[in-house]
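As you go down the protein sequences, you meet chains A, B, C and D in turn.
Heads up: the first sequence is residues 602 to 915, going by my numbering.
Heads up: the second sequence is residues 602 to 915, going by my numbering.
Heads up: the third sequence is residues 602 to 915, going by my numbering.
Heads up: the fourth sequence is residues 602 to 915, going by my numbering.
Hints listed in this document are in silico derivations from the structure and should not be mistaken for laboratory results.
Certain hints may be false.
No distinction is drawn between identical chains; accordingly, a pair holds when it is met within one copy or between any pair of copies.
[What the hints assert, rightly or not] Pairs of lysine-lysine, BS3-like flavour, derived with a Cα cap of 25 Å:
(1) Lys767 with Lys837
(2) Lys662 with Lys746
(3) Lys662 with Lys793
(4) Lys630 with Lys837
(5) Lys902 with Lys697
(6) Lys814 with Lys747
There are 4 protein chains.
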Amino acid sequence: MTKARIAVVATGAYLIGALSGTVTLGQDKWYPSRWGANDQRGAANRLTPAKVLDAKAMMTKGAVYQLGRVYEMGMPLFGSRHYSLKIPYAFPMPGKNQAIYHDELISGELGQIGTQFDGLGHVGIGELFYNGNKRSDFAVADGLKKLGIENVGAIVTRGVLIDVAKYKNVARLNAPYSISVADLTGALQRQKVEIRPGDVVLVHTGWGSLWMKDNATFGASSPGISVAAGEWLASKEVVVVGSDNWGVEAFPSQDPNVSAPVHQLLLAKNGIYLHENLATEGLARDGVYEFAYIFAPLRLKGATGSPGNPIAIR
Amino acid sequence: MTKARIAVVATGAYLIGALSGTVTLGQDKWYPSRWGANDQRGAANRLTPAKVLDAKAMMTKGAVYQLGRVYEMGMPLFGSRHYSLKIPYAFPMPGKNQAIYHDELISGELGQIGTQFDGLGHVGIGELFYNGNKRSDFAVADGLKKLGIENVGAIVTRGVLIDVAKYKNVARLNAPYSISVADLTGALQRQKVEIRPGDVVLVHTGWGSLWMKDNATFGASSPGISVAAGEWLASKEVVVVGSDNWGVEAFPSQDPNVSAPVHQLLLAKNGIYLHENLATEGLARDGVYEFAYIFAPLRLKGATGSPGNPIAIR
Amino acid sequence: MTKARIAVVATGAYLIGALSGTVTLGQDKWYPSRWGANDQRGAANRLTPAKVLDAKAMMTKGAVYQLGRVYEMGMPLFGSRHYSLKIPYAFPMPGKNQAIYHDELISGELGQIGTQFDGLGHVGIGELFYNGNKRSDFAVADGLKKLGIENVGAIVTRGVLIDVAKYKNVARLNAPYSISVADLTGALQRQKVEIRPGDVVLVHTGWGSLWMKDNATFGASSPGISVAAGEWLASKEVVVVGSDNWGVEAFPSQDPNVSAPVHQLLLAKNGIYLHENLATEGLARDGVYEFAYIFAPLRLKGATGSPGNPIAIR
Amino acid sequence: MTKARIAVVATGAYLIGALSGTVTLGQDKWYPSRWGANDQRGAANRLTPAKVLDAKAMMTKGAVYQLGRVYEMGMPLFGSRHYSLKIPYAFPMPGKNQAIYHDELISGELGQIGTQFDGLGHVGIGELFYNGNKRSDFAVADGLKKLGIENVGAIVTRGVLIDVAKYKNVARLNAPYSISVADLTGALQRQKVEIRPGDVVLVHTGWGSLWMKDNATFGASSPGISVAAGEWLASKEVVVVGSDNWGVEAFPSQDPNVSAPVHQLLLAKNGIYLHENLATEGLARDGVYEFAYIFAPLRLKGATGSPGNPIAIR
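For reference, chain A alone in the conformation it holds in the complex (with noise of 0.2 Å):
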């Protein structure tokens, strides 16, 4: 560790990797990352015919979970986001049997709305992405070149819920409560679920029960991980972070001097994805903390997110 970073850390502004080394955001080296210089996958690295068998072991009464929440006129948009659904008139076929069929038209950020799993090319550190890819390289216009969530392939593991909230006995955390490593360990503790190799994580904070009911409230801020809570996260080695709020992370950042310091610390140094907006409320109310997660990206072709319906089975 050099001076450098020492006052790095002094400073608390990218206080990011510590006993493991692997995860900082200042001078050290993050790429290439520990698949290689080519990677374009990262965590999704450590999805394994063992780790679904993981995820089969957890089916015990067959109880499916929808964490997808509906997409609709009028959710809660990040910044200058947009959805739209229409149905225009229905199309009559030829023929004596009446044929008629209905189409729907859709324009939106489609990656990032919603419920929506962040791909390595969603965030970046300056110019630099997942596995130090230079934004130059691989964002253009016609869909990114690299990093796409086409890459991503389809996740079935071990899940494991976190609920923090119940753990601070509250029904939803506050604003921009930032979600400590003692939180998440003495919320598994208490749970008696612990976190392995190749699972996703899913932090419950009660900040969804919001959506559609306050949908201003929802989007202004948000509880949820610090940068130490994501840092011990990577460290277990885990695919994806979930919550049910909009970024995984506090909004505002602890540090009023920097942005959306997790998702970098995850997506760009780690590989590490993000499921942002899930309804993890079911499992919440029904103590579900061990479960097989499993979404499968859209194969949009360059695109840096996906919107989906993933689900819990246990």
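Position chains B, C and D against the provided structure of chain A, taking the given hints into account.
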């Protein structure tokens, strides 16, 4: 008229086709549905925890197959549908950590392009759709008021692949070859696999090998199941019928005076979903005829269908 | 005036038409149009070379006023309409001269947002639109088969501004003030300007001063012309009625039991176009009451309206 | 360096081309613009009330020509651009008067498809655009921060048609015929028309006759003006150069090592706008070589161009 056919007629459920072997969709009473006059989910009602555990039992090796094709500009599109994906300039975020993010802007008839899952609001018979819903009662500009894809829920069940191409000893069936009941039963017998209520059935025709190789031929016509084969599958009480072609059924139809009769039969009369443009070649190549089929349609409020990346696990 | 008609007047619901007898919404026959049963252009038929020369005569100073507002994200939108503009990454071109270009990606209900020109396929009376066209005969998914905006052609004619706000000694009329015939005639007399057949009439209410200043108030209601005023303008044989509000007419209507009666009166019954969200403040400020009005709708095949930047020249 | 070239250098304005007769876009200083370092309107600064009165003087007969083509699905599109228009189901309004309305949903690169007016943010030279604006300084996702089409304002000026096809005695120039200065001056002499500062010049090539007749040929290449011809037009101090082809200039260029050099010359170096895919055939047919050209770009905030329906009046 075969004995099996008579049996079907006897159930009163599928009085389709007649002496001529083609559809007569007018006479018989096909609604209210067997799940009640208010049902909007059709064959998804066949999904139960027991079927989830059926699916679980298929997962013997932990191997996952992506059945969804890549969505990309230039892919085959039906009629006047379109698909566009663009990457706008990156958004820099405030702060000294130099966070920057990309979105993607997508426009298209998203439930009805590429790998697509047809919902019950997609195809009707004259003014009537599934469960006798009149078009004028539910089809409105801002999203279908009934039968929207958000009603389906997640599908986790046993899947069966019927490799008709292999059964006919060809890599790809010719168009518009109309797959008969005998083709299905013959192939199943050869494969030593049976269909059970609540299953998803995928029909491999080989037509999908033309995808992005010869789009003009791919879209001009198609081999697919006949009305009689659709009727037989309906009698098996399946949930979804999928295929590696763009319409599941043969185009043009055997009867030159009708369009999309299998769509009407399965969607409108039986509440059975269609899954089109599936990438079944991996399953066929590996001889995987039984598997867990998992697909959770995007919960697009009021949509006629859903894009997605369904998976098969064995 | 028949007995039935008197009854209608008595209910107060459809107090439309009167002395002129040409523009009623009740029992009377309002189609075929005066331009024949096959006409699709309505009052655009009043445009002639002579009217172009009328417009020419207005151009005394060579001063041009842009009457179109800026289209931008965040502008007021009616109902579930949307507007999105994004700049994708630049496209570099091959060659040593380093050519590179930008596009913009736009999505929205483009004929019906911002400054908008309503075509004859926009508003109907039950199932009937201009010239008695039945909705089921021309409204299809891929663009209106009749009455599309591409039929209008370019409009070059004399324009008249009626500054009702000034006449009422206010900067902005209150909502939902319903502008009377007396308001129009009084203001015209004060302005010493008359309306001639084939003119375009713009009504300045001051409501446009709320645009992008207080969008919530702007869109919640509106001052505008009454049914009687619309009828009077129709009797003057104008081509277009425009205003600096979002619907030309008062919202809500004087009669609480009707919606958009002036749209029906002008578009459906008289083939007279509406031009909404105009920036009339420049003309009002400078006291320009006569001018050349020039607008050529985008030739969007089968569209209900057109965006644009109409101009006034004096 | 030839004598002709020296003469050009002498003007100081257009140091383009060299011994090879092709562009050298690097050496000379082409910014700040003649209208100052902060100017965003380029040649639109040449528009004055006097030019409006010039336009007025052209209106001798009151005849109006629409120069905009119909926007329709299936029209020729460059690169990966798209255009979609759909009519959603009609919206019924409350009230006993049965008001009902239609919208249209449009998606596409609207400033750069069909009849299109290229703004100063469209094409650059490496990282530099008009007035030396660096791409990184103004090109952002939510709309160009400088050089957006909303800065242009309305164009009302004298227009000149140069019918090069007629001059060369053909209905349609071959592709990629490169129109020379001699072609322009010869045709103008034959037509007995001169170009004056502040004019708009339209070049008729006949290539537009392929529009919607043979889209493949139309888009594969194009006759158009040479760099030298562009330079000559720039020296005439025009405001816009338009044509009935898709790029005004010849494609491919005479010099196989460059792309779109005339775009760079006119837009970036001279602030002169391009108007593409114009319907000039009516003017050519009627021998109308002088007219009022009127076009007001849609005020699309931050857009690179504008669709529209420019008109010519004589």
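Cross-check of the supplied hints:
For a Cα distance limit of 25 Å, the shortest separation of Lys767 from Lys837 inside one copy, 22 Å, qualifies, whereas the shortest one across copies, 46 Å, does not. Taking the closest pair of Cα atoms, Lys662 and Lys746 never come within 25 Å of each other, the shortest separation being 42 Å inside a single copy and 33 Å across copies. Taking CA atoms no more than 25 Å apart as the test, Lys662 paired with Lys793 passes inside one copy only; the shortest distance there is 19 Å, against 28 Å between copies. With identical chains, the CA atoms of Lys630 and Lys837 are at most 25 Å apart within one copy only, with a shortest distance of 20 Å there and 58 Å across copies.
In the homo-oligomer, the alpha carbons of Lys902 and Lys697 never lie at most 25 Å apart, since the shortest distance is 40 Å inside one protomer and 30 Å across protomers. For a Cα distance limit of 25 Å, the shortest separation of Lys814 from Lys747 across copies, 22 Å, qualifies, whereas the shortest one inside one copy, 38 Å, does not.
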